[in-house]
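**Q** Both chains are given apart, each in its own frame, so use the hints to dock them into the complex.
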Amino acid sequence: MFKVRVIPCLDVKDGRVVKGVNFVDLRDAGDPVEAAIAYDAAGADELCFLDITATHENRGTMLDVVRRTAEACFMPLTVGGGVRTVDDIRTLLKSGADKVSINSAAVSRREFVKEAAEKFGDQCIVVAIDAKRVTRAGGSDRWEIFTHGGRKATGIDAIEYAQEVVSLGAGEILLTSMDRDGTRQGFDIPLTRAIADSIKVPVIASGGVGNLDHLVDGIRNGHATAVLAASIFHFGEFTIREAKEHMERAGLPMRLDP
Amino acid sequence: MSVAIIDYGSGNLHSAAKAFERAARSLETPDRIVVTRDPDVVFRADRIVLPGVGAFADCRKGLDALDGMVQAMTEAVRDKARPFFGICVGMQLMATRGKENVVTDGLNWIAGDVERITPRDESLKIPHMGWNTLDLLREHPVLERLPLGPKGRHAYFVHSYHLHAANEADVLARADYGGPVTAIVAKDTAIGTQFHPEKSQRFGLALIANFLKWKP
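In the order they appear, the protein sequences are chains C and X.
With my numbering applied, the first sequence corresponds to residues 4 to 261, in that order.
With my numbering applied, the second sequence corresponds to residues 367 to 582, in that order.
The following block holds chain X by itself, in its conformation from the complex (with noise of 0.2 Å):
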């Protein structure tokens, strides 16, 4: 089995293809881990990982470099029912529209729109930076046997927009914030962090390592 991280020009690709290698190394038959920035790879992989850091327009602009990638992904996903991790911004991505400075049409796979956080408590920072407990919405192959809620595991965050989904069934998990924040979504075989569990230490290794299992 293969797994391809596309490689678009985002900053965390070697974290995250690393945190990949590792996870898949815990698993009986390891997959094979890929980073790719070849559309043909991406189309025949058995899942996709989109990572991404940065502002939305311009990973967006990153993607769309890659002639035929956005193409790719979405028949993989779309029409071969592959397994899609989308990973901060790739998360983001999975979006109808981003609204970071500028307005960007993202993948549209989950419908609504990327807005910037806004605590209610004004004396809580912007970014959203450091750990923060995950409240589950639904579950979730990919979030089995990991303890969420308030005295459950942390995920780490670094970011100031959030993809506030126009479905709730899309949503699996939020994290407090001052107000509600968009930490998973999941839609027929794609799931998206908005954290980075390539950075959540053990928990986020049980997480990958969950996907790499997860067969839709």
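Next up, chain C with everything else stripped away, as it sits in the complex (with noise of 0.2 Å):
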């Protein structure tokens, strides 16, 4: 039987875990691929990196991390944060991730999708959303795109983008809500299910958990196929276990290998 996917998500600066992970005994909490190897023994189904590197001289450590991880870890990576050429994806995945993630690069020019599908393959080409509620005046509430961490509103239609970068290639979509995004008051469910219902590809919900019961939410009502999550893991409030033993007393297919 098909499964229900939890991954953790781990925001790397420089080559160090933001803010460091608490939840086992590391030598190096602040070490990325410790904390990968950490997550792949305790049975994610799959894990995230996200760089937040600012600088373009230091985007080659994030190489090493991805490298050191592959090395390490027998499970699928996905990278995302600066991704914006093809020469990008290349090197990530030549170093050992198996999907990258596309933001920005994408809404500036949705071509970049095509051209990314069309030379690695749709499997591996994730588009990033995020979006956040907008009420218009006289109109009805909307999803738009936000870019520079939820700052930058473009004004475009979450739920035609979505539409627009699977027609274009996607694979797969990361959808996070920028409302929910830190509040852990749970995932923006009626966004997660108005996107999970109008692409074919898999949604991955993401931004707000607080609960293990907002991880169910996720998928039973935001009809997403996996979840995303970081503090809850990181900080050791849930294990990987826990969360996915709850999803399945609340009757989801998971993954429970030893």
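Since the hints were made in silico from the structure, they are not lab data.
Careful: at least some of the hints might be erroneous.
Result set (DSBU-like, lysine-lysine): computed pairs, CA atoms no more than 30 Å apart in a straight line [unchecked claim]:
1) C:K203 with C:K135
2) C:K122 with C:K203
3) X:K427 with C:K203
4) X:K465 with C:K203
5) C:K97 with X:K384
6) C:K122 with X:K384
7) X:K427 with C:K97
8) C:K16 with X:K384
9) C:K97 with C:K117
10) X:K553 with X:K427
11) X:K517 with C:K203
12) X:K465 with C:K117
13) C:K97 with X:K579
14) C:K122 with X:K427
15) X:K581 with X:K517
16) X:K465 with C:K122
17) C:K135 with C:K155
18) X:K427 with C:K117
19) X:K465 with C:K97
**A** In structure tokens, the structure reads:
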């Protein structure tokens, strides 16, 4: 039976995990590779690295992190952050990433998604969508795409954008609600459902997880096929196993291999 | 003993090589893992691995671009009965034809076409991306001591097409994704998995170790 995926996401800056990871005794809580190994052992279904390195010069450190992770972890790895060119994708995949996630580069130039998918195949091109609810004067609410960590509005409708990038070859959508990100109030369910129901590729729900019921909600009511969370796992609040067992008790099909 | 992993420009080469190296280290006499573009190295290898991600036609083109490679693989597997492991599109290439976007000839080791998966349940997403259990159709040394079935271990899949084998006897295991999806094929000394053993954590490494121990 096909299972729901639980994906921890690590923010990495200059080769170090932002804020560290405290869920297990690590020699170096700031080393993304050590954190990845621990999540692999804990039964995470995939792993996601988001490179928030600001300078181009330090981007090479991420490739080293990816390379060392791929040598030690035999699980699917998605890497995002600053992916702008076909060459960026090639070097990440060669270093050992299985999928790359494209964010603002796809917003500014949609054709990039097509070029990437044609070159490397749909299956490794994830488009990350950061969406925020916008109330228009006299109109109804809708979700729009925001870039630059949610600071910059683009005026692009999130549902239409999702459909467009899928038609161009995105194999998966990583959907983050900028209204919910960091709030611990749960996923934006109407947003997640609206996007998931309007496209044929898998949707990973992200942004706002504060408890394990939120994970269940993202799948059951948001119609996502995978859930992504960061802080609830990194700070030891819940283990991956606890999350999966909770979701299984709620009736979702989960992978609980030893 | 040497294991040749064929480098024909496929993206998952690094992961595949690392997983085979890790699995080899678990053996009493570890095999030497060689990543190669050289048909002679492939022809002389004790075991051959063909990884693959991307589109069928692109992968076939990449393989053909290595002068003499298809011939070396075919002779090693057919005439010298060397064990062969195809992964994902590497497994699909074992088929007669691929029908992804365009019709492309495969190696024709397993009679059948590579066709788009069409789940009955329309809410199921394409690609089939994630972890699924395997239903065993027949026993095989490479699957020894691996718990399969609905309560068994999971394998990691990412694909939109699968090998529709003409002879059921060539199919070792299936997954269910709104209908049967071919997960493992095997014929003579060749085996192929639609899923990625190099991404399937302990289960995948155990399966690779079984392949390395297999003496057909």
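**Q** Against each hint, give a clear statement of whether it holds in the structure.
**A** Hint check results:
1. C:K203 with C:K135: 22 Å, holds
2. C:K122 with C:K203: 21 Å, holds
3. X:K427 with C:K203: Measuring from Cα to Cα gives roughly 29 Å; hence the hint holds.
4. X:K465 with C:K203: 20 Å, holds
5. C:K97 with X:K384: 12 Å, holds
6. C:K122 with X:K384: 24 Å, holds
7. X:K427 with C:K97: Judged against 30 Å, a Cα distance of about 19 Å means the pair holds.
8. C:K16 with X:K384: The hint holds at about 26 Å.
9. C:K97 with C:K117: Distance ~20 Å between K97 of chain C and K117 of chain C Cα, so the pair holds.
10. X:K553 with X:K427: 24 Å, holds
11. X:K517 with C:K203: Satisfied, since the Cα-Cα distance of roughly 28 Å is no more than 30 Å.
12. X:K465 with C:K117: Holds, because 20 Å separates the two Cα atoms, which is no more than 30 Å.
13. C:K97 with X:K579: 28 Å, holds
14. C:K122 with X:K427: Status holds; Cα separation ~13 Å.
15. X:K581 with X:K517: 29 Å, holds
16. X:K465 with C:K122: Status holds; Cα separation ~18 Å.
17. C:K135 with C:K155: 11 Å, holds
18. X:K427 with C:K117: 20 Å, holds
19. X:K465 with C:K97: 27 Å, holds
Violated hints for the displayed structure: none, as all numbered hints are satisfied.
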